[in-house]
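Chain A is already provided as a structure; the job is to place chain B on it using the hints.
This is what each chain is made of:
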Amino acid sequence: MIRTIANRFKWNAARYFTQTCSINSDASLCQNAASLKVDQLADIKESELKEISDPLKFPDYFGVRKLFRIKDLFDARIHYGHKDGTLDPNMKPYIFGSRLGHLIFDLDKTAEMLQDALNFTAHIAYRGGIILFVSHCPQHTLTVENAAKQAGEYAHAREWDFHIFTNSEKVYNGVTRLPDLVILLSTLNPQMQEHTAVKDAAKMCIPTIGIVDSNSNPNLITYPIPGNDDSPAAVQLYCNLFRDAILLGKSKKPMEVY
Amino acid sequence: MAVLRELVVFPSKCFRGVRSYFFSAPLFQNGSLKLNESVSKDGHALDFEQSDTKKMSKAMKSYMERAKIHDNFIKQQLHEYNIGKRHLANMMGKDPEFFTQTDVDEAIRYLFPSGLFDPRARPMMKHPDEIYPKRKAAEFDVNGRPYHSLFYTSKPNYYTLMHDLAVKFKQLDRHEDKIISRGIQNQKPTELFLFGSEWIPKQKIENVLLESLTDAQYVNLIKTFERFSQHPYSVIEKDFIMQFRRQLAAQVEIQQVPELMRDESGRPYMTYNARRKTSNATVKVIGQGTGVISINETDIHFFQREQDKKQIIFPLQFSDMLGKVDVVATVDGCGTSAQSGAIRLGISMCLRSFVNAETIERMRLAGLLSFDPRTRERKKPGQAGARKKFTWKKR
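For the protein sequence lines, the chains are A and B, in the order given. Residue 161 in the working numbering sits at position 179 of the first sequence, with consecutive numbering throughout. If you want the working numbering, it's the position in the second sequence, counting the first as 1, plus 17.
Rather than coming from a laboratory, the hints here were simulated on the basis of the structure. Treat the numbers as computed from the prediction; the structure is a model and nothing was measured. There's no promise every hint is true.
To be verified - One side of the interface only, derived from the structure: several residues of chain A facing chain B at Cβ under 10 Å: (1) D42; (2) L49; (3) D54; (4) F56; (5) N128; (6) V153.
Beta carbons are placed, not taken as given, at the ideal position from N, Cα and C, and that holds for glycine.
Same shape as in the complex, but just chain B:
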């Protein structure tokens, strides 16, 4: 075969013992294989022996060249890094022997200050292993025969993972069959609890496998994992599955509802400073009350308009606390609408401490607990107002 022609015999020194057993006798004088002892060349060479001597397969040769170049390059980089570290230490007036990576980072930040936003764009000096990605070691031996059985798929590690999943799946099926045959059907296996974690992203898997994956391959892998973890006995392989999961970041922190405070008479109360547009309101809601509302030392008729009074009463009505609490509020700034809105927000926030979680959630959904961020829009030049334009003339 044409392909076999490239390959040749491994240096005979290693196989000398074996060769001599087969070939040293005068009967066997196939001279195509060059041994250390001189063998006369009479007798035809067996078909499958190569007449070329002591070469490596082309594949191995080319790999060795590339590996040598890469190794030399990394060595050079490492050398430069170490020398650079010593220079930095001298510059910073520190001991070069005990100059750690953190010291290096600090020195770089001091000597090369950068205003760039992304940390990855700023100057850095790191060990070459951290900068240059790891390469796969030689994937085949001297004869060009790959070590890995799935080498020709060009992604052996990825497909090994898929293969292992299939094998484990079968093992779990067999385990399930065993359990059923023993008649322990009623015993439900503990469920695999995957809440609070997610599958690791494509980049992480690529780093683990040292192979790049297409999106389709990644999706396929995750689907296989999903199906695997849905097996009733998948809890047996929990460790294996959790290797490919990462914990989700902490949930959005739920606002803590403040505890009720007690005044001199022992009545519970809560205060809140609320804003709306440019008005500020300080609201105090006192429990064990009778529904007395005081705004700026007057009652609810501080507001002349119906809608403003409704705004004040709405949170109390919604949470069913209309005659049960007293409200004392001081407000100033802006106009009536803003002031009533501020007081409304203040009352709602104080009422959180008086009511149960379900009502708080209902209030949140009703929009009572949200700060209204709307402010007056500025007037723009070339226009009469914020949005109003001057008369448009066609010509």
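Isolated chain A, as found in the complex:
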């Protein structure tokens, strides 16, 4: 029994060291990790073991930064914003500039915020939280619903009923568990107004991740991701990334039910 547990620690410890390795990009440390032996690990203190097994102590426990590169974002046209005149003042920090009247997002900033969001998603999935994909654009309904199904989570890519979060007992005929995370593939509805889910999730203390385009307001969103929300290729990429992050989170999940 102890040996099997120790083996588990070896795995965890090795990962711990490789994680630090990826943070610092130090090749020597990685080599050290590989040369650690079982008996050395068994000497590690109890408190350190507990440190190792807590995912929250790591900046990227699930390795979500490996899911995409900036080139993938560029290929999916995520850097395309709307026209100059439609810029929301709150989005100014995320804009790289404009070209021929069209705004361009700063993909470095987008990449950083996307990593944060994916990491958060993976942690929520790891803890068995309910994740709801929300989108109101009819063009992307199928993409979003498929991604949610593949991830084993939930989707609402249809016309939004105002009472879903705030009056859920009436809507679902009884007490229901509300989502623990709302991922908005687009923060605007077809009438170019802010999607009700943004406000309602904030009211119900549900964290949100949202793809904010240059004409949207990121203020109420917990983890905004500045980027294009209109191209089918962009939405497909986001869906794939979130799905993969969720699956990563679930794969690491210990067999406990929350």
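Using the frame of chain A, we list chain B on its own:
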């Protein structure tokens, strides 16, 4: 998270094997999870483990309460129904063991005769499953996680249907692309034949989906189906589409035109009894004739007025049978106008057997084949006649 606080660990008994693998060693002594074996509480609990024990999510709890109440209610109703059936059988002097639902209906009709028009308003005794609508089963598991991916839309079955339609549409597009790429463009696919059926109404769809729809949602669904069935290769999904169609009721029965009869000399003839106001006419039109018209054993001059004679001749003229058939008519009752009208109708109805379908349709459109239902309007009290009023005095 506040929401996660509600949830707790599933009873540890089920997961004992797994737990013991992780937690039985002295190194791991996180006491927040209560196992069957006593675990000492030293060592801090990991952040994500709950300190509450063995409770269900609030959602599940509330659902279980409601389900229990409903189940008990249905059980009670079923019990009453079965006892009631036995009582009825005794009352009617029949065997309680073999008392069917039809027997129950008959007994109720006998014992509780009702003069009410609508059958749904009359007393009835049916199995509770037929009276109380079916409810959806638990939509989420013990932890409150819904089973259906589209649960939060509040109409998962409806939106699943829409989703499936979109998926099938894409499949048909891919099929079409394949056919085109193989170069079989000229081959026209068999068309989906939807004549004689209509889309099932909103109520039926609600019963199938067990969800109520708004009118807009129903219209949207039908529009999607229409668009789907207009795809050139929609015949592949015929079975799926026909599930949502119902056959139209039989068309209004077209009046059968009677066959011509033959008399002793072999000439074809047709008879008809026609009415107009209170006059009755028996008309016989004989083919292979020369245009002889006989009314009450006199010729057409039975009618003195020009307009009455015209009425008689009009159907023959219209169907181009003026000199080709003989007419023998007897008429009595009412006045000349009614009598000529009756004979006219009689001639028209008999001529149907002599002419082709197109002419019959033309005659119908001309109004020759319609019975004239106008009768004399009665006189009303307080008035001089049916419509005529007495002199109106201002003061």
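Results for each hint:
1. Here the hint on A/D42 is broken, as its CB sits about 18 Å from the closest CB of chain B, past 10 Å.
2. With its C-beta approaching chain B no nearer than about 22 Å, A/L49 sits outside the 10 Å limit, and its interface hint is violated.
3. Given hint, A/D54 at the interface with chain B, is violated; its Cβ is 24 Å from that chain's nearest Cβ, farther than 10 Å.
4. At its closest, the beta carbon of A/F56 sits 28 Å from a beta carbon of chain B; the interface hint therefore is violated under the 10 Å criterion.
5. For A/N128, the interface hint holds, since its Cβ comes within 10 Å of a Cβ in chain B; the closest pair sits about 9 Å apart.
6. The interface hint given for A/V153 holds, since its Cβ lies 5 Å from the closest Cβ of chain B, which is under the 10 Å cut-off.
Of the numbered hints given earlier, the model fails hints 1, 2, 3, 4; all others are met.
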